[in-house]
Structures are given as C-alpha cells and as structure tokens.
Amino acid sequence: MDVARMLGAPGEAMRLPQDQWATSVTDVLTHTFAVHFEQNAFFRAQCDATDVTPEQIRSRADLPRIPLLPVSMFKRPDAHLLMTASLSDVELEIRSTGTGGVPSVARRDTDTVTRVVTAISGAYRDFFTISKGAGLFLCPSTAESPEMGMVKVFNLLNGVFDDHVYLVRDYAFDPQEAMSYLDKWDGEMTRHIIGPPFLVNRLLRYLELEEIETKLDPESLVITLGGWKRYTGESISRSEFDAKLQRYLGIAPERIRDMYGMIESNMLAVECEHHRKHVPPWCYVSIRDVTDASVELAPGQTGGIAILDALNTAYPGFLLSDDIGEVDESGCPCGRTGQTVSFRRRRQGAELGCCAVSIERFIESQEIVAECAVPVPGQE
Amino acid sequence: MPRFSATVVDHFTNPRNCGEIADADVRAFVGNPVCGDQILLTARISDDTITEIQFQAYGCSASLAVASLLTTAVEGTGLDSVSELDAARIEDLAGGFAPDQRHVAALCADVAHRLVDNYRRGINDEGLASCDL
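Just so you know, the protein sequences line up as chains A and B, in that order. Those letters in the first sequence? Residues 1 to 380, per the working numbering, in order. Those letters in the second sequence? Residues 1 to 133, per the working numbering, in order.
Isolated chain B (complex conformation) (with noise of 0.2 angstroms):
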C-alpha cells in the first residue's frame, strides 16, 4: 500500500475550502500541543444543516489533506450526521492511512464534533496559534 492514499495526495495537492469564515455562524478549533497539528473549522449553518464551511490546518500532510476532505465530506449535511462522524468513518474516506497517520483521522473527529457542540452552545473558538509568516 502506497503510504498515501490517492484521497489524500489529491486533497493535500489541491485542497478544497481552504480559508476562514469571517462572518462565520460557528468557529471550532483543536490541536494536538505535542505534535502541534491543528485544524480550525468555519462554517455557516443554516436549519441545522453546514451550508458553507472552511478549514486552517497546519501539520503534517495527512492532517492537512483530511481537514480538506471533511469539509466536502460535511458540507450540506446535518449536524446530527456530523456528529456521528468518528476516526474509523474518516480513515475510511480518506482511503486508509499508515499507522503512523491514524491520529489525524481522530483529531477530524474531533474537530467536527466540536463544531456541533459550539453551534449548539453558542461558543466560538479563538483558533490557531500565531504564524509569524
């Protein structure tokens, strides 16, 4: 097996829904302090369904890529399935990972899960850390 998947080399190649929300209905942020990925989520929601969503990401590859894939794979969709999404579903869309990539696939989890519950708890996160760039 390739160590990536074709799913990610094209989403990390061209990623989709790159970008922040500024008027965003809801901000949800999660990053891993030891291995520093993060993934800042924006999206607008309408009738409790993602109408339009972006993503930050900064990390490794496989991080990157799959905060592009759950966007596509969450926008239009209610935030109930949203919430059921978890690390097996994403490794699934994401057409497999390496072991050495499997906790990008629960840090996705995470992050969709936290954008449902700020949403629904009227909570907005700050997001990532400062990029001197």
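Next up, chain A with everything else stripped away, as it sits in the complex (with noise of 0.2 angstroms):
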C-alpha cells in the first residue's frame, strides 16, 4: 500500500493484516529514505558514514540501519541543515518551547502539510467519528498561539464540531466558564472536552472543590494531547485522572482518549478505546537501547522513541526522540494492526519539552504575577 492510498484510506491502511502492515511500512519508508538520500546532502553525509543506501534496506529488519537525526538538533540555529526542501517551498513553521526556553522548530514544505493535514482528519475519523456536537477547548486558539504545534493538531478538529471555544485566553484558564459552555451546550449537543490534560485536571479539581458532579453525554469523548507532566516535574496519573473524569463529568474510560506525538514529527499516535496508542500505518516506531542507539531492541522491551516517517519530504522524518518506552505488536482487540506505543518518560537530563509545559508555565506565571499585584486605592 503507497502513502496515498494509507491516506485516502486510514481505516483499511490500519487494519491491514500484520505481514502486510510491515511489508507496506517498509516499502513507503524505503521509498521516502531514498528521496532524502538523494536530495539532502547533511542527511547523505550520515548515511556515508554508516555505509548504508536505499538499495540496503529491503525488509523491517533492515528499517534501523537508517540514520536518525536526534530531535535536539530542531533547536540548533544551523537547522537549515537539516531541510531537503528549500525554505521557499516551506509553508508552515510549528515550534515547541521547554523548559530551557529554547524554541524547536519543524518547517514543513507544501507536500508535508498537505499529507499531515489529510492524515490527521483521516485518524480522527477513524478513531473518533465525530462530526458534529460542540468542543469545549481547554487550550489558546491557534490565533493566539499560531505555531504551537499542539494547538494546531487540535485545532484540525474544530472543524467538524457545530459551536466550539477556547478557553485559555492571555494565557488565563477559568473553570468556572468552561462549566457554563457545558450547561449552555446540555441538551443542545454532544459535548467534547480537548486540551492537555493538566488543563482537563484543573477542571476536575475545580469540580472536586465545588463538589459539582455532572453528567456529559453518552457520545461525549475527552481527547488529549500534550503530556502528563507538568511544568513542575510533577506527574499526573492517568487513572486517578479517568476516574475523576467518570465521577464528576461522567465519562467513561474508553471515551477517554489520550494521543501522543511531538511537533518534529508527522506521526500522531491515538488511542483507541482500550487505551493503546496505534502509530500511524506511515510510521514505525524503533525503540533503541539507551546507551547505543544503534540497536533496535524487541517488542515489550523500553527504550529510546525513534520515529520513522514517510510523509515527511521537508526534512528527514526518521527521528531519536528525547522519550523513552515501548512498543506492542500484540493485536489490539479494536481491530487495527501495526504498532501500538507507550511513552514512560523522558531521557535521563532531557528538559521538559511541549507545547502543554509552556502553556502551564504562563499561566501559572501570570497567577503568581496576579496574587503579588499591589492593590490600587479605589480598584481594589
């Protein structure tokens, strides 16, 4: 199966037998090397140097000889470097600020968009099927946030809701109107909550301390996206999470799906209603031993997140993360094939990087800038 019928087809590109999944991975993979190869002469160099060609790669077992490009170097000030496409056929810039405060930016060429956009509607689709209802969105409008890279994943969404709203503003979040767009929405339309899920949590323990509990609709999905960690290092655990979901907004745990992805990447992982993650039948994930990552390690085993990408024609999309887990070839009982992945954590010394952890980081900051404000005499 070629890219473009994976993606005119996301349903049957996902549930294609798994003999066939790792056959059609390696061939779209092998084809989209090959063009790197060619073309970029930074990602050619690299393959020089481990002597490895297009030709080389025939099966799977072959997919981790190709050469990644560690996500770090999205930061660097030389990442020209890394482009095939030339900055004039770039079209849209997405970035992610961490904790270190320096921006990583992915620059995507025409083609890339196109395919990522098709793509990401298409695992919504498949995964979601919703098209109409209203979504309550915990997080910036891509007006106030353009480039950030979850916002924007988010955002493809929107569009096949009826009413929706953003609901962080000047990097501000009030729960107490999120809870009015759910009572104006009741009986209206199915409500749907998407945002990270720090930002789902202040919602719940603002429900928590008012001892508000509420019934959403049978169809209601909460999709997330962004991380478990907040900006302070602190996680918050998905279980207590789901429950405090079904307890105060009555949502069941299958129509609560998480989704993981990083902004370098074209691959999005969602969940299905058993709480496995399935990469996209147009990437491979690689899990690689930590402390060389040139070899791949088994199914089961947790290791380093490599990424291997074939809709990427801006830059190679064949990527060593900063995450460490695991992959699952198990069948999923949804149906769908391939891989399923799981992050754990970060690298040992990588910084805290997401769009989630800055958004939590302003808003937190513009409190603590709030509570220290000097009264005004006659505006207090």
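Worth double-checking, as some hints may not be accurate.
To be verified - Listed next, the stretches of chain A that the computed footprint assigns to chain B, with coverage defined by at least 3 CB atoms under 8 angstroms from CB atoms of chain B:
| id | segment |
| --- | --- |
| 1 | 67-78 |
| 2 | 82-94 |
| 3 | 102-111 |
As the list claims (entries may be wrong) - A few chain B residues that don't get close to chain A, going by computed Cβ distances all over 12 angstroms:
| id | residue |
| --- | --- |
| 4 | D25 |
| 5 | R44 |
| 6 | E52 |
| 7 | G76 |
| 8 | T77 |
| 9 | E84 |
| 10 | E91 |
| 11 | R114 |
| 12 | G122 |
| 13 | N124 |
Since the hints were derived computationally from the structure, they do not count as laboratory data. Using N, Cα and C, we set each Cβ at its ideal position, and we do this for glycine too.
Using the hints, put the two standalone chains together into the complex.
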C-alpha cells in the first residue's frame, strides 16, 4: 500500500494483516529514505558515514539502519542543514518551547502539510467518528498561538463541531467559564472536551473543590494531548484522571482518549477504546537501546523512542526522540494492526519540552503575578 | 508573493557572520519570551563603528535569516546609523515579510539598538538560553 492509498483509506491501512503491515511500512519508508538520500547533503553524509543506501533497505529488519536525527537538532541555529526542501517551499513552521527556553522549530513544506492535514483528519475520523456536537477546547486558539503544535493538532478537530470555544485566553483559564459553556450546550448537542491533561485536570480540581458532579452525554469524548507531566515535573496519574472524569463528568474510561506526538514528527498516535496508542501505518516506531542508539530493542522492551515517518518531504523524518517507552505488536482488540506505542518518561537529562508545559508555565506565572499585585487604592 | 523573500531564503540557507566573538567589545541579547525567538549579537567596535559582528539566533526561519542580514547591514556602520535602524527599514532590507513574520523586524531592530546602548553604557548581556544539544 503506498502513502497516497494509506492517506485516502486510513481505516483500511490501519487494519492490514500484520505481515502486510510490515511490508507496507517498509516500502513507504524505503521510498522516502531514497528521496532524502538523494536530495539532502547533510543526511547523505550520515548515510555515507554508516555506509547505508536505499537499496540495502529490503525488509523491516533493515529499517534500523536508516540514520536518525536527534530531535535536539531542531533547536540548532544551523537547522537549515536538516532541510531537504528549500525554504521557499516551506509553508508552515511549528514550534515548541521546553523548560530550557530554546524553541524547537519544525519546518514543513507544502507537500508535507497536505499529507499531515489529511493524515490527522483521517485518524480523527477513524478513532473518534465525530461529525457534529460542541467542542470545549481547553487551550489557546490558533489565533493566540499560531505556531504551537499541540494547538494546531487540536484545531484540526474544530471544523467538525457545530459550536466550539477556546478557553485559554491571554494565558488564563477559568473553569467556571468552562462549566457555563457545558451548561449552555446541555440538551442541545453532544459535548466534547479537548485539551492537555493538566488543563482538564484543573477543571476536575475545580469540580472536586466545588463538589459539582454532572453527566455529559453518552457519546461525549475527552481528547487529550501534551503529556502527563506538569512543568514542575510532577506527574498526573492517568488512573486518577480517568476516575475523576467518570465521577465528576460521567465520562466512561473508553471515551477518554489520549494522543502522543511531537512537533518534529508527523506521527500522531491516537488511543483507541482499549487505551492503546496506535502508530499510523506510514510510521514505524523503533525502540533503541539508551546506551547505544544503533541497537533496536524487541517489542515490549523499554528504550529510546525513534520514529521513522514516510510523510515528510521537508526534512528526513527519521528522528531519535528524547522520550523513553516501548512498542507492542500484539493484536489490539479494536482490530487495528501494526504497532502501538507507550510513552514512559523523558530520557534522563532531557528538558521537559512540549506545548502543554509552556502553556502551564505561563498560566502559573500570570497567576503568581496576579496574586502578588499591589492593590491600587480605589481599585481593590 | 512568496512566503519568504529571496533575501530571507538566501540568508537562511547561507547564513553570514554566524557565531560568537569570544573577546567582543559588546554583547547584546533580545528574546521573545512567548514565541522563543532569540538573537545574540557580539561585536567589535572601533571609533564608534562596528568593525566585526557575529550573531547567534534561535527560532523561526525569518528570525535566523534576518539576524544574518542585520549583521551584513551594520558591519562597517557607525553606531549612530545603527540606532536609527527601525523595523520598517529591516523589513525593506529583507525584501518584505508575510504578516506573521513581521515580529522578526521588531526583534532585530531591538537587538541592534540594544547593542548600541550596551556599548555606550558599558553593559554586556549574558545571552542565549541554554540549549542542551
């Protein structure tokens, strides 16, 4: 199955028999590898250094031979070296700023943007089957954060809703306002909540403190992206999160769907009803030994997450991330095949870096400023 | 109009004066805390004229390119002229910006002015946020 067919029929592509999946993902990655091998001098030098050519990638077992770019390279001032496409073909720059303050910037050309928009829309259709209802977005709008990857990915859902609202404005979030929108839509449309876990958690904390228990709708979904670590390093417990969503908003665990991705990659792994994050059929997740990234670990073993992505024509989408996790290739009861990926933690020494962390850090800093504000006589 | 001008494409692809002068006479840093764009200029100055200048920049393609362009525009230039550089002039030198790139012109004008101010006041900025490469 080639990339165009995968994108056009994502449901079929995600349910290929496992042996066909392996052949298919190898074929599309080999084709993409050949493009970057021919057209990207920097990447070609990495290939030459490890003595690998596209002709040598014949089966899935050969995929780990494709050189990987560490994601930290997207922070470099000489990031132009990464590009296969010319800057004049670049349509969209997406960025993420971690705790270190240096932005990671991923530059996508028109072909890649077209493919990614199609890919993400197809994944949303396949996993969520939403075509109406109301979306409560617990994040800034794209107008406020036009280059923020997480917001851009959420925003692609926006078009299917009959009504929506973005509730983070000027880096402030008011859970009371969130509840007023949920009340407004009650009985009118199915209500969905979309946002990073820390902001959904803020809403839940408010409901807990105010002792408010309500029920959203039978088909309501809570869709999250952005990681489970707060900017302070503290983790949000997924099981507690699910239990609170069930208690305070009446959302069943199978209607809570987390997603995993990073701005440098076009891979968005979406959770099915069994809480397994499915790697899209045009990507291959290769788990690497943390002490020797050239060694691929078997499914089930924990190591560094590398993503090989066939959609990217702007730069080689063969990335070694700072994330640690594992893949599972056992069949999923949902019927989708290929791989599922589990994120465990960041690599030791890696900064906490994602859009959600940036938003939370700014929200908290605004709150601290507000708390410390010196009252002006007559304006208290 | 293309999204990036030919000048911006050229400076992004072939950056000039990229780096940091170790024993510079002045260092100036400006960063945008929200989007994360950052530019550090280091320069040698003689008789109120910039004789050598280098930049380091992180952020969007336009900011990287325009930081390079700025160094070529101010090298050999008197500090008074550098003080007069404004965002409109930088946009003009860059061959125009798309609306979402215009913040880069302001950032570059800010760092150019800061370079002059720092030199005249004997101040040196620490500069870029750490980058765990």
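Hint by hint, here is what the structure shows:
1. 67-78: Three-residue rule met by the segment 67-78 of chain A, so holds; n is 6.
2. 82-94: holds (count 6)
3. 102-111: Held - the segment 102-111 of chain A has 4 residues with a Cβ nearer than 8 angstroms to chain B, which meets the minimum of three.
4. D25: Check passes; 22 angstroms lies beyond 12 angstroms.
5. R44: Answer for R44/B: holds, closest chain A Cβ roughly 21 angstroms.
6. E52: Non-interface label on E52/B holds, nearest chain A Cβ at 18 angstroms vs cutoff 12 angstroms.
7. G76: 23 angstroms, holds
8. T77: With a cut-off of 12 angstroms, T77/B remains clear of chain A, as the shortest Cβ separation is near 23 angstroms.
9. E84: Consistent with the label, E84/B stays out of reach of chain A, its closest Cβ about 27 angstroms off (over 12 angstroms).
10. E91: At about 17 angstroms from chain A, E91/B clears the 12 angstroms cut-off, so the statement holds.
11. R114: 18 angstroms, holds
12. G122: Holds, since 26 angstroms exceeds 12 angstroms.
13. N124: 19 angstroms, holds
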